[in-house]
Each structure stands twice: as structure tokens, then as C-alpha cells.
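Single-letter residue listing:
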Amino acid sequence: MQKLSEELKNRAGQKIVDPEYLLFEAPREKVFMTGSEVVKEAVKRASVDASVSYPITPQSEAAHLIGELWVEGYVGVYFRGESEFGVMSELAGCSMAGARTITTTSGPGTLRAMENFPMWAGSRLPIQLVLMARGINSPLSIQPDDLEVSFLLDTGCMVWYAENAQELFDMILAGFVVAEQPDVHVPVVNVINGFFISHTRESVMLPPDDIALPPYNPYKAPMPPIDMEMPPGRFLRDPFVMKSNYISYATHTSWQFEVRAAIERARPYIKKYLGSLIEEFGDPEAEIVLVSTGTGAAQAKEAVRLLEDEGVKAKVVKLRTIRPFPINELREAVKNAKVIFVPEFNVVGWLEREIRRYLYKHSDAEIIGGPRVAGGMTMPPEIIVKDVLNYLGKEVKHVY
Amino acid sequence: MATLGPSHYSPYPVAVYENILPPPPGKALLFTEVVDEEVAMREAAKAMLTRENPTIFPGPQVIYAWNEEAKEKAKLIRELAEVLEAKIIPMVDYRPKYPKIDPEKEINPNHPNLTIWHNNIKACIFVGVHCHYANVALKIIRAETDCFTIALCSNAGHEDAMITLRDQHADELRKFIDIAKEVKKEVK
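Chains as they are written, first to last, in this note's numbering: chain A, 1 to 400; chain B, 1001 to 1188.
It is worth saying that the hints were derived from the structure and are not from the lab.
On a predicted model such as this, the values are computed, not experimentally measured, just so you know.
Warning: the hint list may mix true and false statements.
[Claimed, not checked] Partial pick of chain A residues on the chain B-facing surface, computed with a CB cut under 8 Å:
hint, residue
1, Pro55
2, Thr57
3, Gln181
4, Pro214
5, Pro215
6, Pro218
7, Met223
8, Trp255
9, Glu258
10, Lys271
11, Lys272
12, Tyr273
13, Gly275
14, Glu279
15, Glu332
16, Gly376
The beta carbon of each residue, even a glycine, is placed where N, CA and C say it ideally should be.
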């Protein structure tokens, strides 16, 4: 049941409800829409105070649609930044002043804004970024490729990864709830594979649009939520390293550990609002395991179905979160594995590196970094099937 | 100094790297153990009443009159200090002080160990300190001193303190004062 008073309304006149009601209990209706449109629907139900945008493919449409929400009165402040660096800096200002904020970016925009992400985390700002991953220059590509995710892994931001539009919708709403917990209170980056999700229509179940998340309460923030230029905020939040050399390096160390500790504290909240940090699909006892994220996981699921037709038992372990990394969940999910494939949409294999790191001395399985595609290539499930069958020494009957 | 552990060569071990998370709602944390709030309050009172130079470090959330709750909590913290026979050294703000703080008069989250060393504090209570700064300070204290740290937090608690109590508001402070009075009769 809705615990909050029915009298409470947000700026758009939507009824404020518990996050649990919005995410799990409210009736849902099926719609057919793109990932970009889903971003709009999630933001519409999120009592967002401020959004700043800058155009870059493939996230431009989502940013544009958030602007429509401002026109319609659902978002308090909306404007175009001078660049992605400007966008992320301006969002930091909004967030420090106590606003719930969200933006979207892609590929080169992510890199242009990069300095801001650790600044967000170090300033304990629960800003949400929807990252529609695309290639990184050079050579120029506007096509899907998630190399940029590897750049974000050590910024102090949470990094979650959605497989489809439905998961993106739910993760955007859950993202605000988890990121704004006082003991977490770090940014959350919700990643999707650009184009595959942003520009593709699929069925999505949405709750009514006359209900919304409770507004952000900046007075529960782990830092004083006041303009840094104005006392008493300024008294409380001056930068520290340059003011005192005495033990300032130790402070910086402790501060950085604290930001990483905050990500770890998100685990129980993520379990509550996403169900689990991972999702398993296929034969639970399978010795062949495909570990992947996002669209890679979707393709791996199709590969598991095809492998079943070949008489091969396999399963997918989809990682919903990369930061925090689902360490124990992964170790448990691959305990029967003899071989682990890691399908990825980038050339460097950042996910393979992560998996090797956390399974070191915790799994005897052979880890195969692949198959990998990049630069905008698709990953037909048949190429995953081919790699598995080749490994097993079986005849490859499919195309490719 | 801290011992080597999952945090490896850093002098700042972090409790979450040892799989210690803040306590769930309704519970408290006593070192690594999730316990009932009353158990934690008794142990906290005992630590303050039996260790040298017990001190309460009130932070900006209770030393400035932001709201009625802050005023009420400030009065209760004074009462708690009297019961625990503890000094009060405030954390008035979070700015680093150049060249350094006066450890007789204040504690600062950027070098909290100075105040603890100078006053030979063996048990302390953090209350009313914004969570981020409490966590930064508690990690440094844990690494640099042998002070027994207790955190009374109005939010989710602080796993780097040796005892952490969460969701602590005026009613909980009153309960702590009552328990401290009982413990005092037992140990004094």
C-alpha cells in the first residue's frame, strides 16, 4: 500500500508515492517505445529538479525529450550547457544546491566531461547519468561500442548496466533512490548500449504517470547541501588540500576510501530495488557460462537457446552492476563452470579483466575473453554459439 | 598504526573492505557484530565510563540552531556529557585550519587525530557530524589512534566506528542517557 499521504504532490501535481509502490506495486500498462522515450517516461515519474543537456549522438533524443518534460512542468530547470564539460559542472552546482539532477551523454561527450565524474563522487553528489554508450574517437564512430564504460570504472561513481528499455526504466527510478541514500550518496551511471536500446522499440510495462518518486531530501545528505559561496555553506565546505599541508594527504586518502566505501554500502539497497546485482538465465547447473552485460547479455541469452537446440547446456550470468561489482554473486553463479565466455562490445575486454580479477583463486574455470565486437558491429548470437561449439570440438552448423 | 589487511599497504583500512556494512534499520553495530540497540548503548556507555578522557565531539548539525530538533539534541548532548563525565570538544566546521587547529578547543575531520593525541582521548562519541566527514575522520582515527569510537548517527550509521547507532534522534538520545545512568551505577 502507499504509505505516504495522498495529499502530497510534487511540482507537476503528481501524487508522491513510496519508491516501493512505484517500482513494485503500482499497476503497469504495456507500451511500445524506444529507449530514449523510456528515459522520458522514467524522468517524468522521478520528481526531477534539474537537467542540463548537450547534443551528441545517440543520446540527443533522450536529452531533447527531457526538455519537453520541462515545458510540461515535470522538470524544474532545463537548459543546454556550453559543452559536456559545462553540462556536468552545471549539474554539480544544481546538486550541491539540493536539486535532484539527471543528464545523458555518449562516447566523446563522456570523455569531454571526464574530469567532472570523480568530482561528482568526491563531492558526494547523487547525480544520475544515463550513458548511451557509443564509440570513442579516433577513428570517429557514432555507432554502439562500450569502451567508454571502462573509463568510468574508477571515478567513484556507481555504474549500472541495463539490458533493455524495461530495465533502463526501472534502473533510472531505482538509481535515484539508491544513490540518494545518506550512506551511499554518490553518482549513478546507468549504461545502455547506444542505438541497440536507445533507438529500438520494444514492449515496456509502465506505471501510471500521475504518480512519482518523493522529492530528493538534501538535508539527509552526507555533506551540507548549501551553496559553497554562501555562509554557512562556505564555512563548512572549503577545499582542503591546498589550505593545510599537515596530514592533508592522509585526509585525501581517507576521503577517497570513503567514496569507494559508499559504493559498497549500496549493495543492500540495490538488492532491495533491483532484486539482485546479477541475473541468471539458462541451465543453473551448466558448466558453460556466458558472463556479460547489457546487449551482450541479451545476445548471450539467444545463444543459450540456440545451444540448447545443439544439445549443449549453458547459462548466462548478466551483471546488472559493475560498480559495485557483484563479487560474491558472480563467484556463486559460476561455481559449476568449466569454461566462462565473456561476450563484449569493445576491443579491450574491460569486462573480461574485471571477471578475471574477481574470480582469481575463486574459480578453476577457463576464462575466454570473447567473442568481442566493436566500432558499431552487431553481435549475432550465432558467433557466440560458434565460439562455444569450437571450444567443445563440435561441428558448427550455423552461419558465420 | 593500522595493521595490514584487505586494504593492503594503505594506513587507512576501510571496514567495508572487510565486508562490514552499516547495521540494518532497528539494529546497531558493535565492532563487526550486528546487535540490538540497547546492547550497543550499554557497551558505548561502558566504554565512555571506563576509558581515559572520554569526549563527545558534537558536529554542526547539533551545535548550530538549524531547527528545533538541533536545539533539543544539543541540550540532551550536554546532559549526556554530564552523565558520562565526558568533555565536549566541538567540530565547528569542516574546513582545514592553517597551520593547524587548536586541539584544546576543537576537532577537525581532516586531522582528528591531533585532538585525540593532544588530549589523550581513549573513548569518544561523534554526534551531529555530517556523514561524509564523520566517515573521513573515523577512518583516520581508526588508523592513527587507539581511541574507542562511538557514532550516534541520525541516518544509517558509520561502519568505521567501533560502535555505531543509527537513526538516532531526541528520543533515542534520551534512551541512551537512561541506559548510561544505569551503567554508571554498575561501573562506578
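These are the hints, each one checked on the structure:
Hint on proline 55 of chain A is violated. Least Cβ distance to chain B is approximately 34 Å, over the 8 Å limit. The interface hint given for threonine 57 of chain A is broken, as the beta carbon of that residue sits about 37 Å from the closest beta carbon of chain B, more than 8 Å. Restraint check, glutamine 181 of chain A versus chain B: the minimum CB separation of about 7 Å is within 8 Å; hint holds. Given the 8 Å rule on beta carbons, the hint for proline 214 of chain A is violated: about 16 Å separates it from the nearest Cβ of chain B.
Checking proline 215 of chain A against chain B: minimum C-beta separation of about 17 Å lies over 8 Å; hint violated. At a threshold of 8 Å, the smallest CB-CB gap from proline 218 of chain A to chain B is about 12 Å, leaving the interface hint violated. Interface hint status for methionine 223 of chain A: upheld, as the beta-carbon distance to the closest one in chain B is roughly 5 Å, under 8 Å. For tryptophan 255 of chain A, the shortest C-beta to C-beta distance to chain B is roughly 5 Å, which falls under 8 Å, so the interface hint holds.
The beta carbon of glutamate 258 of chain A is positioned within 8 Å of a beta carbon in chain B (closest approach about 5 Å), and the interface hint is therefore held. A distance limit of 8 Å between C-beta atoms decides the matter here; for lysine 271 of chain A the minimum to chain B is near 12 Å, and the interface restraint is violated. Annotation: interface hint on lysine 272 of chain A violated; nearest CB of chain B at approximately 11 Å, more than 8 Å. A distance limit of 8 Å between C-beta atoms decides the matter here; for tyrosine 273 of chain A the minimum to chain B is near 15 Å, and the interface restraint is violated.
The closest approach between the C-beta of glycine 275 of chain A and any C-beta of chain B is roughly 18 Å, which is over the 8 Å cut-off, so the hint fails. A distance limit of 8 Å between C-beta atoms decides the matter here; for glutamate 279 of chain A the minimum to chain B is near 23 Å, and the interface restraint is violated. For glutamate 332 of chain A, the interface hint is violated, the least distance from its beta-carbon to any beta-carbon of chain B being 15 Å, above 8 Å. Proximity of glycine 376 of chain A to chain B is violated relative to the hint, the smallest CB-CB distance being about 39 Å (cut-off 8 Å).
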